[in-house]
Amino acid sequence: DVKVTQSSRYLVKRTGEKVFLECVQDMDHENMFWYRQDPGLGLRLIYFSYDVKMKEKGDIPEGYSVSREKKERFSLILESASTNQTSMYLCASSSRALDTQYFGPGTRLTVL
Amino acid sequence: QQQVKQSPQSLIVQKGGISIINCAYENTAFDYFPWYQQFPGKGPALLIAIRPDVSEKKEGRFTISFNKSAKQFSLHIMDSQPGDSATYFCAARSGGGADGLTFGKGTHLIIQP
Numbered sequence: 001d002v003k004v005t006q007s008s009r010y011l012v013k014r015t016g017e018k019v020f021l022e023c024v025q026d027m028d029h030e031n032m033f034w035y036r037q038d039p040g041l042g043l044r045l046i047y048f049s050y051d052v053k054m055k056e057k058g059d060i061p062e063g064y065s066v067s068r069e070k071k072e073r074f075s076l077i078l079e080s081a082s083t084n085q086t087s088m089y090l091c092a093s094s095s096r097a098l099d100t101q102y103f104g105p106g107t108r109l110t111v112l
Numbered sequence: 001q002q003q004v005k006q007s008p009q010s011l012i013v014q015k016g017g018i019s020i021i022n023c024a025y026e027n028t029a030f031d032y033f034p035w036y037q038q039f040p041g042k043g044p045a046l047l048i049a050i051r052p053d054v055s056e057k058k059e060g061r062f063t064i065s066f067n068k069s070a071k072q073f074s075l076h077i078m079d080s081q082p083g084d085s086a087t088y089f090c091a092a093r094s095g096g097g098a099d100g101l102t103f104g105k106g107t108h109l110i111i112q113p
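Protein sequences appear in the order of chains A and B. Residue numbering for the first sequence follows the working numbering, starting at 1 and increasing by one per position. Residue numbering for the second sequence follows the working numbering, starting at 1 and increasing by one per position.
There is no bait here: all hints are sound.
The calculated SDA-like cross-link candidates involving lysine to any residue, where the alpha carbons are at most 25 Å apart (straight line), are: (1) A:Lys18 x A:Val111; (2) B:Lys71 x B:Ser94; (3) B:Lys42 x A:Asp99; (4) A:Lys57 x A:Glu22; (5) B:Lys71 x A:Thr100; (6) A:Lys3 x B:Gly97.
Quick caveat, the hints were computed from the structure, so don't treat them as lab data. Predicted, not measured: the structure shown is a model, and the values here were computed from it.
Please work from the sequences and hints to get the whole structure.
Okay, here's the thing in C-alpha cells:
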C-alpha cells in the first residue's frame, strides 16, 4: 500500500513565522505535489517536483517555496506566514509510470 | 480562470438512486480525467479515471461518461449507498504524470437511507 505521510495533522502559527510542512512517501515515487484545499475552491496546485532538487510552480506559488533534497521527502515552506495562508495543505505523490496521485491525510494550518 | 467547472455543489440522493455529478473543461490539451473521493478527515483517493479515447468507463457501481466534443465528463454512481456520502472532485491534467492536476470545486454528496 502506498503511504504518504505528513508531519502534522494540525498546526497553529503566528503571522510572520516561517513554517515548514513536511511530506514523506514510501513508494519510491518520482513525482511529488503540494496542494491547498479551501472550502468552495477545491484543490489548487502550489508546487510540484518530478525529481530530486527539481521544482515547478503550480497555479498559486506566491508566498510559498519548496525543497526536495531526497526522493522520498518534499517540504513546503511558508517564508512569512500570513492569515490568508490558513488552509488545509495536501501532499501527493505519483510514479513516473502511472497516472494515479496518492494523497496524504493533510495538514490543517491556522495562521493567527 | 477556472479551467474545470463542477456541478452541483451539493447533492442529496435517496439510497438506491443514481447520483450524477458533472464537469466541464476548457483546455483541449487535457488528456487525463480522474475522479477523486474524499471522506472527512482524509485525503482524496482516486475513484476512477478516463482518457479521451473512450467515451465511457465503468468500475463496479461507478461510471465515467466522457463527451470530447462538448468538453464534458460526468460521474454516475448507480445504486447509491450511505457509504458513498463524501465529497467528490473531478480533475484534469495535460502533459505527463509529472504535471499536477486541475481540480473542480467539489460536490458534497449525501445519500439518505
